[in-house]
Every structure is written in C-alpha cells, then in structure tokens.
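Enquirer: Going line by line, the protein sequences match chains E and H. For the first sequence, the residue numbers in the numbering used here are 51 to 166. For the second sequence, the residue numbers in the numbering used here are 6 to 120.
In short, the hints are calculated from the structure, not lab data. Accuracy of the hints is not assured; some may be wrong.
[To be verified] Below 27 Å or equal to it, Euclidean Cα-Cα: the simulated DSSO-like pairs (lysine-lysine) are:
(1) K120/E - K53/E
(2) K18/H - K123/E
(3) K62/H - K53/E
(4) K62/H - K18/H
(5) K53/E - K123/E
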Amino acid sequence: AQKITQTQPGMFVQEKEAVTLDCTYDTSDQSYGLFWYKQPSSGEMIFLIYQGSYDEQNATEGRYSLNFQKARKSANLVISASQLGDSAMYFCAMREYRGGSYIPTFGRGTSLIVHP
Amino acid sequence: KAGVTQTPRYLIKTRGQQVTLSCSPISGHRSVSWYQQTPGQGLQFLFEYFSETQRNKGNFPGRFSGRQFSNSRSEMNVSTLELGDSALYLCASSLEGGPSSYEQYFGPGTRLTVT
Numbered sequence: 051a052q053k054i055t056q057t058q059p060g061m062f063v064q065e066k067e068a069v070t071l072d073c074t075y076d077t078s079d080q081s082y083g084l085f086w087y088k089q090p091s092s093g094e095m096i097f098l099i100y101q102g103s104y105d106e107q108n109a110t111e112g113r114y115s116l117n118f119q120k121a122r123k124s125a126n127l128v129i130s131a132s133q134l135g136d137s138a139m140y141f142c143a144m145r146e147y148r149g150g151s152y153i154p155t156f157g158r159g160t161s162l163i164v165h166p
Numbered sequence: 006k007a008g009v010t011q012t013p014r015y016l017i018k019t020r021g022q023q024v025t026l027s028c029s030p031i032s033g034h035r036s037v038s039w040y041q042q043t044p045g046q047g048l049q050f051l052f053e054y055f056s057e058t059q060r061n062k063g064n065f066p067g068r069f070s071g072r073q074f075s076n077s078r079s080e081m082n083v084s085t086l087e088l089g090d091s092a093l094y095l096c097a098s099s100l101e102g103g104p105s106s107y108e109q110y111f112g113p114g115t116r117l118t119v120t
C-alpha cells in the first residue's frame with residue numbers, strides 16, 4: 051500500500067482563486083511529520099509547509115495552509131489567491147522515525163497550472 | 006547565506022561506468038540526504054548522513070553508496086551504472102535531521118543520463 055497518495059495528477063486554477071491539493075497518508079506511528087514541497091520546472095524542491103502529528107492547529111505559511119484531518123489521515127494543501135508563479139509540481143511527504151532519524155516518503159505529485 | 010550546491014548539474018555516462026556526485030550543504034547544516042527522482046518511481050530516499058555517519062538508508066542496491074566529510078560536504082557514488090539509473094539526483098540539507106529541524110533545503114539536483 052502506498053504511504054502517501056496524491057490522487058490528482060493535474061489541477062488547473064484561475065489566477066487569484068484558491069486551490070486545494072489532496073494528500074492522504076498511511077502510518078501506524080503516533081509521531082510523524084507531514085510536508086508539502088513545490089518543484090518548479092527548474093527542478094529544485096522548495097519547502098512550503100510542515101505539520102506535526104501532535105500539532106492541533108492547522109499550519110499556515112503566508113498563502114499556504116495545511117488542512118490536517120488526523121482521523122481521516124489527510125493533509126491537504128490550500129493555496130489562496132493563486133499566482134502564475136505557483137504553476138509547478140507539488141509533492142506531499144511524510145517523515146516517520148526509523149532507525150535513528152526521520153525517513154521521508156513522497157507522493158507522486160500533483161501538477162498545478164495557474165491560468166491568467 | 007548560500008544555498009545547497011550540487012555538482013555537476015548535468016552528467017552523461019555509459020552503462021557500466023561509475024559516477025560520483027557532490028553536494029555542499031548550507032553552512033552549519035550537519036545532515037545531508039540524497040534522493041533519486043525518476044518519472045517511473047517518483048522521488049525516493051537514498052540515504053542520510055549526519056556527522057560523517059550514515060544514519061539511514063533507503064531501499065537501493067549496494068551499487069549506491071555515499072560518504073560525508075568533516076565539513077559536512079557529501080558525495081554519492083553509483084558503480085556499474087545501469088540505464089535505469091538515469092534520474093535527477095537531489096541532495097538536501099538540514100540542521101540536525103531530527104524532529105526539531107524538519108525543514109530540508111534542497112539543491113538544484115544533478116541530472117544523470119546513462120546511455
């Protein structure tokens with residue numbers, strides 16, 4: 051079974067609108083971390099937002115917020131007021147504690163295209 | 006502060022050869038992780054080094070190896086290259102790699118093509 055599932059291979063959004071990118075995860079650990087990264091066509095992965103499994107509040111970073119629903123094991127990324135520069139691949143990832151450090155597992159990604 | 010740098014950016018090798026990729030982390034960062042990204046398998050964790058010791062390893066064959074130097078710079082080596090090793094290899098650094106420093110900063114990657 052996949053540990054991280056991103057069911058939307060591609061998403062389109064109009065500039066200035068909000069968009070939600072879905073992510074569900076699978077773990078039996080109590081302590082884990084959830085992340086979202088952006089990868090523009092240049093290839094570099096850019097850290098966007100982090101949510102710890104014990105954090106009760108949803109994480110927010112500027113226009114990015116993480117809709118964390120622990121019981122449903124979902125960690126959706128919400129981008130408010132989309133900009134053309136938001137067009138990129140978006141990866142959801144989970145880090146679990148294994149063998150002395152935190153090991154990440156990545157989803158297959160969602161390609162977001164922002165239309166003017 | 007300078008970001009994570011990776012050299013070379015592009016590399017073309019022949020099947021059977023070996024290759025060494027280099028990664029310089031952000032100054033002060035002691036944890037360096039390596040990832041392989043391919044269209045077929047997505048982004049996969051290779052290994053993590055912390056204070057010159059391999060702290061964790063992903064599910065890759067022994068042809069993939071790495072090391073970390075005292076200045077935290079890291080190298081990864083792939084021996085006996087196969088066509089399937091063609092990929093974008095990403096390096097990421099973080100302060101400690103533990104739960105309190107979850108942010109990883111990625112380099113631009115090395116694009117390896119095996120012919």
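Enquirer: A separate judgement is required for each hint: does it hold in the structure or not?
Expert: We went through each hint and held it up to the structure:
1. K120/E - K53/E: Holds - the C-alpha atoms of K53/E and K120/E are around 15 Å apart, at most 27 Å.
2. K18/H - K123/E: Given pair K18/H, K123/E is violated - Cα atoms ~42 Å apart, limit 27 Å.
3. K62/H - K53/E: Between K62/H and K53/E the Cα gap is close to 17 Å, so the pair holds against 27 Å.
4. K62/H - K18/H: With a Cα-Cα distance of about 25 Å, the restraint between K62/H and K18/H holds, given a limit of 27 Å.
5. K53/E - K123/E: Roughly 11 Å between the alpha carbons, so the hint for K53/E and K123/E holds.
Checked against the numbered hints listed earlier, the structure breaks hint 2 alone; every other hint is satisfied.
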